[in-house]
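Listed below, chain by chain, are the residues.
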Amino acid sequence: MTAVVASSGNGGPLTRKGRKRRTRKTSTRPLLGLAGIIGFLLVWEAIPRIGIVNPEFLPPASEVLIVFVQNLGLTAFWVAVMQTLISWGLGLAIATVAALVLGLTIGSSNFLRKATHSTIEFLRPIPSVALIPLAVLLFGVDRGSALLLVIYASFWQVLIQVLYGVADVDTVANDTAKSYGLGRLARVRYVVWPTALPYIMTGVRLAAAVALILAITAELIIGNPGLGHQIALAQSGAAIAPMYALVLATGMIGVVINFGMRLIERKFLAWHSSIRGEAIV
Amino acid sequence: MRLATRTAYLLALPILLILFWWVTTIGSTSFFVPKPGELSLTFVEVWFGDRFFEDVVPSLTNLVFGVLLAIVLGIGLGVLIGSVRWLRALTEPTLEFFRAIPPPVLVPVLMLLVGINDTMKVAVIVSGAIWPVLLNTIEGVRAVDSVLDDTARTYGIGGFARIRHLVLPSAGPQIMAGIRQCLSIALILMVISEMFASSSGLGFTIVQFQRSFAIPEMWSGIVVLGMIGIILSFIFQWTERRILAWYHGLREVENAG
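Listed in order, the protein sequences are those of chains V and A.
Here the numbering used here is used: position 276 in the first sequence is 276, and no number is missing along the way.
If you want the numbering used here, it's the 1-based position in the second sequence plus 1000.
If we strip away everything but chain V, and leave its shape as in the complex, we get (with noise of 0.2 Å):
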């Protein structure tokens, strides 16, 4: 899917010297960008306020606001938001060490690939929230459950990716490789690795959001503790503004990590001649 988008910059050069003028002419770019915002949140503030849609049900936004604020002095919610982060951060690790391992063994072996192909395009599509109440059952609350969702979720994102990257490598620069007598290791080392990388990161930045979505279902519907749990208990307890300064939060951690992943792709493929067209979660 990623592979598809990567190339989809319809001719290229030409394109990409058109993005470049219009985005060195517009320098109000942030300003618009920041009275969108601003826009936004007049009119969450006046739906309640005229009375379009219940304050009951929706509060206005600086009701939510100071909420969301007074949390951030809160150890309660820091507790809630480390749990979540860590949940996420745990199954992100473990997927991608997973997926890169068999993704290098099995895209580096022709029969292994052919073998595998049927069976991985066939277990991908499952849904992970199928396999909630099997979490459930096997863990209860425990952390083990939300980690069974979010590595299920994120696990197949990076192996598709791995083994696209895998399947890219160049066959001369991999035959001359062999002809000088590097081995297998060295081989994936220097020539597999570094055509893979870039395909790497857009997987594990795909899978970093899907993770984040996952952690907080879990959460959410299992009711393991972290930020979802403290949503479904807001919820319930028809504590409303509070209960809306939580999705706030976890927008906001959204926000953070995608801007996080972008960071970290950019400094590990500042060598790239050019960072692969990305597609958005």
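Please keep in mind that the hints were generated in silico from the structure rather than gathered at the bench.
Even glycine gets a Cβ: it sits at the ideal position worked out from N, Cα and C.
Be careful, since some hints might not be right.
Derived DEER-like restraints, expressed as beta-carbon distance ranges [as the list claims (entries may be wrong)]:
hint	chain 1	residue 1	chain 2	residue 2	range
1	V	R124	A	G1027	30 to 38 Å
2	V	P55	A	G1156	50 to 58 Å
3	A	R1164	V	N110	39 to 47 Å
4	V	F259	A	N1117	34 to 42 Å
Got chain V; can you put chain A on it based on the hints?
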């Protein structure tokens, strides 16, 4: 001969896995892992009958409505926002934020705003699944080849014809990538909206099985969800191949050259 090896590659591993499952459970009395035969019997028993119409069909109807709405709204808004520069600059940070909100947290929010009914479930699906389509469309529209764009302008092609023949095709690959993500998110949200607050539907039924420790039934429900995911992905791939046939052809030529 070639067909035989291809079929062997296709089926060998799945058959091996099922054999492994069958052999390891042959003498086991494990409560959690059903035997293959037992599971397929339960599957037929549970899902072929009334339950199919009572739980599966309504869930799928919500899913289809939600996905279609998300795609239509996403592409429509995306083309609009993508073609108007100031609008894009104005909305970009706000949209980035909405995209970053994990969609499941919208379930309790929409429960409040809409109530617990089918509208809520469709609304949940739309509100979570629209973002990949919307943002990918904006990105695709923005990246329309400027030479093609200028040519179209010179020939006086504007308005609807420009969108139909220039903007949508060139944003097509990106839009399809967005729709693919939209599908998997929509399926997740369909299940979650039923698990969190509902008294019917696939998600609810499966959780109900798990709560009453009807383990083979629960597994059969997991299989149903998996099958829906797989069928969706096949439908998507088939459609994508038809819509983007020109694009795949172009890439093949480019790669060969």
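Range hint compliance [Cβ, R1164/A to N110/V, 39 to 47 Å] = Hint holds: Cβ distance 43 Å, inside 39 to 47 Å.
F259/V versus N1117/A beta-carbon gap, inside 34 to 42 Å or not | holds, 37 Å
Does 50 to 58 Å hold as the CB distance between P55/V and G1156/A, or does it fail?
-> holds, 52 Å
Take the C-beta atom of R124/V and the C-beta atom of G1027/A, compute their distance, and say whether it sits inside 30 to 38 Å.
-> holds, 32 Å
Every hint from the earlier list agrees with this structure, and none is contradicted.
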